[in-house]
Amino acid sequence: MSTRRTADPAEAAGIEMQAEVLRRLQFPGVVPLEGFHREGNTVTIRLGDDLPPLGERAPASAAECASLGAALGRTLGEIHRAGFVHRDLRPEVIFVDADGRPLLSGFDHATEATSKARQEDLRALLTLLDEVLDLLPPTDVIDERRSRRRLARALRPRRHDDTFDLASVLAELAADFDAQAPGVPADSTQEASAGAPTDELRLRVSARSAGSRPSIRSALVLLLIGVGILYAVSVRRESRPVLAPDGPIVEFDGQRYQVGRPGDIAVVGDWAAAGGHCAGPSTVVLLRPGTGDLFVFSGWADAGEVLATRQGTYQGAVGLEVESGDCDGLLIVDDEGRSTPVVIG
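With the numbering used here, the residue at position 342 of the sequence shown is 346, and numbering never jumps.
One or more of the hints may lead you astray.
Claimed, not checked - Per label pair, the in silico range of CB-to-CB distance:
1) Ala86 - Glu327: 20 to 26 angstroms
2) Ser6 - Val326: 34 to 40 angstroms
3) His41 - Thr313: 37 to 43 angstroms
4) Thr10 - Thr313: 50 to 56 angstroms
5) Arg149 - Gly329: 56 to 62 angstroms
The hints are simulated quantities; they were obtained by calculation from the structure and are not laboratory data.
For every residue, glycine included, the Cβ atom is placed at its ideal position computed from N, Cα and C.
Go ahead and model the full structure; you've got the sequences and the hints to work with.
In structure tokens:
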């Protein structure tokens, strides 16, 4: 834990702004706010950033660099979705745990999000990752050198609409690079068989107490199960599962859950089923805007695994809304801003 105290008016204003922003951004990937106090003109802030900065624990391979970028892209996307921009991305404000998972700090200059400011955050992240890539240790391994060239192409600014889009691309690249690494066994899931894939996803979710310290955890593996065939759940299907660095965060009954993959949108509700009655305990509904697929979870991850069934595919869907009441109603928002009710079940 670090403590920062100052009576300088300009610095104090920045710290106070940081504390206010962090109160609204306490989710995995963002530094925990452990305390804030003002006494007269002196302010004190305590942050849970007792980890080495990026400069002291930098990635050593293309896969690690891509994973770092995917996690940071997802965190920035959640910050933007919450209505803020960071505006000060640099190695000194990124802390990294022993597994290479980043924790973002340095919110002194954070402001309310605008379209232009979100793009500036995206460009700053691409620049930072490009610099990290350039500092990777030299290698003579052909596959690693190819991976680095692929990653460099992926970090070109014009390739990405937003940080969620970047995170999705980098997560898939990281999985590709890991599969090419020496010692990784060949995929054993490519046995061909007849029949189309089923509509189920097997999800392994890591649940955390709402009061515990946030950390970025690999939230879940999404597998689209076919008859003898596994597909990655992504815009591009692949022959093996992709591990998402993190996903949307939902809360239920004192627990916080990470679900889905970068770019997904998730909401919780006690959904109104056909006939007008409530479907039962509150559950998660997840939209994958890239494909328009809508998934309904069967329950919560207290036991480690749940199933999500594909409810349908909605072309042009970009968001979800919840109409609260005795039973909650689900609305799908399309790219023209229209909301369409959907019956769950």
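Outcome of the hint check:
At about 22 angstroms, the beta-carbon gap between Ala86 and Glu327 stays in the expected band of 20 to 26 angstroms. At roughly 38 angstroms, the beta carbons of Ser6 and Val326 sit within the given window of 34 to 40 angstroms. For His41 and Thr313, the Cβ-Cβ distance of about 48 angstroms falls outside the hinted range of 37 to 43 angstroms, so the restraint is violated. Taking 50 to 56 angstroms as the suggested C-beta distance range, the pair Thr10 and Thr313 conforms, at roughly 53 angstroms.
In this structure the supplied range 56 to 62 angstroms holds for Arg149 paired with Gly329, their Cβ-Cβ distance being about 58 angstroms.
In the structure shown, a violation is registered for the earlier hint numbered 3 alone.
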